[in-house]
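Whenever a hint applies, use it, and build me the whole structure from the sequences.
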Amino acid sequence: MRTKMSPMTKREERYFYLFISPWILGFLIFIAGPIIASLYFSFCNYDVVTPPIWVGLQNYKRLFLDPLFWQALKVTSYYSLLSVPLGIILSLVIAILLNQKIRGLVWFRTIYYIPSVISGVAVSLLWMWIFNPEFGILNFLLWRLFRIHGPAWLMSEEWVIPALIIMSFWGIGGDIVIYLAGLQGIPTELYEAAEIDGANSFKKFLNITIPMMSPILLFTLVMGIIGSFQVFTQAYVMTRGGPHYASLFYVLYIYQNAFQFFSMGYASALSWILFVIILLLTLLIFKSSPLWVYYESTRER
Amino acid sequence: MLGSRKRGEFLIKTIVYILLIVSSIIILIPIFWMLSTALKEDSEVYLFPPEWIPRKMYPSNFVRALTFLPFGRYFINTSIITFLSVVGQLISSSLVAFGFARLNARGKDLLFLLVLSTMMIPSQITMIPIFVLFKLLNWVDTFKPLIIPNFFGGAFFIFLLRQFYMTIPIELDDAAKIDGCSYFGIYTRIILPLTKPALATVAIFTFMWNWNDFMGPLIYLNSREKLTLSLALSRFTGMYGMTAWNLLMAASIVVALPCFILFFFAQKYFIQGIVITGLKG
Chain A
112 MRTKMSPMTK
122 REERYFYLFI
132 SPWILGFLIF
142 IAGPIIASLY
152 FSFCNYDVVT
162 PPIWVGLQNY
172 KRLFLDPLFW
182 QALKVTSYYS
192 LLSVPLGIIL
202 SLVIAILLNQ
212 KIRGLVWFRT
222 IYYIPSVISG
232 VAVSLLWMWI
242 FNPEFGILNF
252 LLWRLFRIHG
262 PAWLMSEEWV
272 IPALIIMSFW
282 GIGGDIVIYL
292 AGLQGIPTEL
302 YEAAEIDGAN
312 SFKKFLNITI
322 PMMSPILLFT
332 LVMGIIGSFQ
342 VFTQAYVMTR
352 GGPHYASLFY
362 VLYIYQNAFQ
372 FFSMGYASAL
382 SWILFVIILL
392 LTLLIFKSSP
402 LWVYYESTRE
412 R
Chain B
1183 MLGSRKRGEF
1193 LIKTIVYILL
1203 IVSSIIILIP
1213 IFWMLSTALK
1223 EDSEVYLFPP
1233 EWIPRKMYPS
1243 NFVRALTFLP
1253 FGRYFINTSI
1263 ITFLSVVGQL
1273 ISSSLVAFGF
1283 ARLNARGKDL
1293 LFLLVLSTMM
1303 IPSQITMIPI
1313 FVLFKLLNWV
1323 DTFKPLIIPN
1333 FFGGAFFIFL
1343 LRQFYMTIPI
1353 ELDDAAKIDG
1363 CSYFGIYTRI
1373 ILPLTKPALA
1383 TVAIFTFMWN
1393 WNDFMGPLIY
1403 LNSREKLTLS
1413 LALSRFTGMY
1423 GMTAWNLLMA
1433 ASIVVALPCF
1443 ILFFFAQKYF
1453 IQGIVITGLK
1463 G
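So the protein lines, in turn, are chains A and B.
Per this note's numbering, the first sequence runs over residues 112 to 412.
Per this note's numbering, the second sequence runs over residues 1183 to 1463.
The reader is advised that the hints may include incorrect statements.
Stated by the list, open to error - Result set (DSS-like, lysine-lysine): computed pairs, CA atoms no more than 30 Å apart in a straight line: (1) B:Lys1290 with A:Lys212; (2) B:Lys1195 with A:Lys315; (3) A:Lys314 with B:Lys1188; (4) A:Lys212 with B:Lys1188.
Source of the hints: derived by calculation from the structure; they are not laboratory data.
The structure is reproduced here in structure tokens:
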């Protein structure tokens, strides 16, 4: 027999749903509905003007034979595989340096975060100018400091992705702030105890810092990978996917199909594949996390 | 023995400072380069080797860059979209977060899990059907598609505000209830006034995202007089044939300036927002 709820609890429940109703509506209109619609479109030929025509698996078959789909996947994975882990290592190193009881901590933190404040098109234009092979500051510095003739960067099939990876390091300020807060939250007793046991700096880093930071690293890894698969503005503004498709990022290819070729059905199929890839990667990271992520609450068991 | 250890520590500290200063300089070079280019004369931009500091400053570049396109119009457009988005996000996210933090109901935990999991959904999957929806409503080439979705709460902000609300003692609610305060009264008179810093964080991040948003305006806005700053800036490159880098940099600085100013005045809230979502995630 179910226990009857008191009128007060019932009233509270009604108010709960009232308060969260904007989100429920938003979820239905802007998330759940569109996801279902997108799945339907992915089995259709659809140009927005005329009604969708059911074509079954045709879009998905076309996708596997489409060299540009594979190119987009390759470009995006290449970028993701390098920019995310290297960015994490770089921000962790800087956060550790900042955590050495130094003076001017707030100033340094501000400087590292500044680039994250200006984002989007302005940053893309700035880096286009920096990467300019003839008059840009980067190749000038490479020549002045190391006597290296810099590559053509954005105009080179080989160097366009490395260039965009370098540019991505400019925006690691957010991660630095997160890591620094995490490092400051590690109890100093842990380090003191390790010192008594005769641990050196490297051992302390490996056995205390890394395990204590691992939940935060997990979070930034997942968010970083999701973000890297959604690169768009840089690709659209700086290279338009070129030269010769060398920077055809996945989302740029979706955009082109949807809003330039008006193949909404094919673009929907592409976005479903993206969704599945991100889902699988996230699951993979979470499934592997018990191997390398350390949670304090499990220690006590 | 003690002396050598001290010397070692001094050495390490010195290396730390050198690394921090060098990396800070690397971070700042692009910004310096942007400002320096913006102030250069047209021909000096294409000088090799480049000059770090312009021989003669041309602040008039800013006027030229801003009068070439109706930047005033675009500034107003971007401000309207951004301001209304901030208002929508503040109202809706705080209401929803209040529900999740202060009220009990069956299915609440499951729903909250759903809120969190929507953060992992790439927006590209919903992009096309939402476009179709707005097209059916005849909202394409208006600001509505960029503003209205902000009135339904953002998962990220709901999460952030809920974390803040949870830190306020629930006894305050109970006391208010005894005094005859409604749930809505608790929300407006207790929770909102006590969490102004959290609301500031939400406002700042919504401002930044909408001010800098590119894909949204690119998809929805077509008419010349309806562009946002980001969109106008991206078209600027095509118009000048990508040659007038001094003007491009000047325009970029103007577009980025509001975000800069906001950051310097409200740095505390930026850091707070990043840390809370990063650490509790």
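What hints, given by number in increasing order, does this structure fail? 1
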